[in-house]
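Please model the entire structure based on the sequences and the hints provided.
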Amino acid sequence: MRPSTTFRVRAALKELSFTGNYVSARLFDMFHIICEGIIVAQISNHAVAAMAVATSLTRLLRALSYGAFSGTSLQIAEGIGRKDNQTISTALIQGVIITLFVSLACGVVCLQSDTLFMLMGIEVEIAHSLRDYLFYYAFSIPFFYLSLIGLQLFLAFRDTHSVMIVNVVYHAICIFLQAVLALGLFGFPEWGMLGMGLSYLCASVIVFFITGLILTHGHLYQDIQLLTVTRKRATQNMLSHVLTGSKLSLAGIIEWISQLSLTLLAGLNGAYAMIAQQVALQSSMVIIVLCVGFTNGLSVLLRKLLSQDEAGEEPDKHARYTRDVANVAIAVVAGSTVLASLSYIFVPKVFIDLFAHKSVQHDPNLMQLLVNVMLITSSKLFFDMLRTIIGNGVLRGYNDLSIPPLITLGYFAVIGVGLGGLLTCVLDYAVETLFIMQSIAFLAIALHLFMRWLRLAPAHVFTTYHQSQH
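For the sequence shown, the tail end lands on 471 under my numbering, and the numbers increase by one without skipping.
These are calculated hints, taken from the structure and not from any lab test. Keep in mind that a hint or two might mislead.
No farther apart than 25 Å at their CA atoms in a straight line, the calculated lysine to aspartate or glutamate pairs in the DMTMM-like style are these [to be verified]:
id: 1; residue 1: Lys84; residue 2: Asp160
id: 2; residue 1: Lys350; residue 2: Asp364
id: 3; residue 1: Lys318; residue 2: Asp85
id: 4; residue 1: Lys248; residue 2: Asp401
id: 5; residue 1: Lys248; residue 2: Asp364
id: 6; residue 1: Lys84; residue 2: Glu433
id: 7; residue 1: Lys84; residue 2: Asp317
id: 8; residue 1: Lys318; residue 2: Asp401
id: 9; residue 1: Lys350; residue 2: Glu433
id: 10; residue 1: Lys350; residue 2: Glu124
Derived CB-CB ranges, DEER-like [said to hold, decoys possible]:
id: 11; residue 1: Met452; residue 2: Ser247; range: 51 to 59 Å
id: 12; residue 1: Leu186; residue 2: Ile207; range: 32 to 40 Å
id: 13; residue 1: Leu214; residue 2: Phe32; range: 21 to 29 Å
id: 14; residue 1: Ile98; residue 2: Ala272; range: 39 to 47 Å
id: 15; residue 1: Tyr430; residue 2: Gln43; range: 29 to 37 Å
id: 16; residue 1: Ile346; residue 2: Ala173; range: 26 to 34 Å
Each residue gets a CB set at the ideal place from its N, CA and C atoms; glycine is no exception.
The following block contains the structure:
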């Protein structure tokens, strides 16, 4: 008897429930982004502009380290799927080593950022705020990324309880210290952007020790015998892990190049466009962090299921089940993002009030630009989430690591940066045109990746589990 479509969808949703739990932990990221936007907006207009540049720079730092801990979580998932303790422990050790080296490089970039500011032509006041922020942020990087290695282990073992604890502590400390040190609440001096950077350092150090405490005392991880890893096994897997990490880092760097290019283009169109870009980016991040949480969990889940395919007694049946999980995940994200995008159409002023400095309210021209940009952002957000779940979630879970990022770079270069820059900077079209070109670029990327997924999973794979038995 063939299982119904309803049965298959329910089975896939049950498998995805773990990912939903991880998304709930990311709600604290969303709340932190809202609070951070409000706090920075209360400091000064220079702080808002400085945060736009800092966001671009810190995205690069995250991209460099992204491959190390994402590659680690995927390899841990493979080890769990195959019940191979050696793979799990080897991936952990390699991930820590690689992350330490990359964190050192990121710290050097932060501490030597004055040269970058000069090349970008940033104003003195903005550069001063950036320097204060990045100095302390640089020292937080190794603690933060080593904690992320632990979070990837929690994720691979479906330990959402520990993920929730770490998220709550980290974001609660960050929000509290940012409010106290940056704005001077409870009688403290107002340190502005310096206080923002210092709060990240304190929160990262505390979370690093909490993560270590969970790992050393958690019953779930006591079977991982790190000292049993042989040098030969570690050396054999190192090349594979470095290659996987490099591909994932490449994906992150391409994302950063795209966003930085659009930020620089906005800067070429004037201060209004720069503020609009930051407001659109900061408000979009409220939804994006939830999708990223879902995406990270999905890629690990699919990798684990595919690893089980290899050792399963009914590989065809299990492969179809895995594809069902992927398809239901795409449908869930598409449906939920439609609802999220509608909020940008009906209440754009809410986002503007949250993420723009209060002086913006007294500038009718800037207010109108921001309203128009938020309306465009509603469509861009939907296309962005669709290409994220397919490229970073489904295709990454299926080990398609390098081509999707190159697709993203190609469309961004031609449509978002090329046409957008030509129309606004050369032909003097309205600034809104730049954001429309961004939205069109996301649409093209999403469609291309979706067609790639359909080719990877042709029509016959959507048949019932038992077809291969008849």
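Here is what the structure says about each hint:
1. Lys84 x Asp160: Holds: lysine 84 and aspartate 160 sit about 17 Å apart, inside 25 Å.
2. Lys350 x Asp364: Satisfied, since the Cα-Cα distance of roughly 14 Å is no more than 25 Å.
3. Lys318 x Asp85: holds, 23 Å
4. Lys248 x Asp401: holds, 10 Å
5. Lys248 x Asp364: Not satisfied, since the Cα-Cα distance of roughly 45 Å exceeds 25 Å.
6. Lys84 x Glu433: Violated: lysine 84 and glutamate 433 sit about 53 Å apart, past 25 Å.
7. Lys84 x Asp317: holds, 20 Å
8. Lys318 x Asp401: Within the cut-off at roughly 22 Å; holds.
9. Lys350 x Glu433: holds, 17 Å
10. Lys350 x Glu124: violated, 28 Å
11. Met452 x Ser247: 51 to 59 Å: The hint (51 to 59 Å, Cβ to Cβ) is violated, given that methionine 452 and serine 247 are roughly 26 Å apart.
12. Leu186 x Ile207: 32 to 40 Å: At roughly 20 Å between Cβ atoms, isoleucine 207 and leucine 186 fall outside 32 to 40 Å, so the hint is violated.
13. Leu214 x Phe32: 21 to 29 Å: holds, 24 Å
14. Ile98 x Ala272: 39 to 47 Å: holds, 44 Å
15. Tyr430 x Gln43: 29 to 37 Å: Cβ of tyrosine 430 to Cβ of glutamine 43: about 34 Å, so the range 29 to 37 Å holds.
16. Ile346 x Ala173: 26 to 34 Å: Because 32 Å falls inside the window, the suggested range holds.
When the structure is compared with the earlier hints, violations turn up for hints 5, 6, 10, 11 and 12 and for no others.
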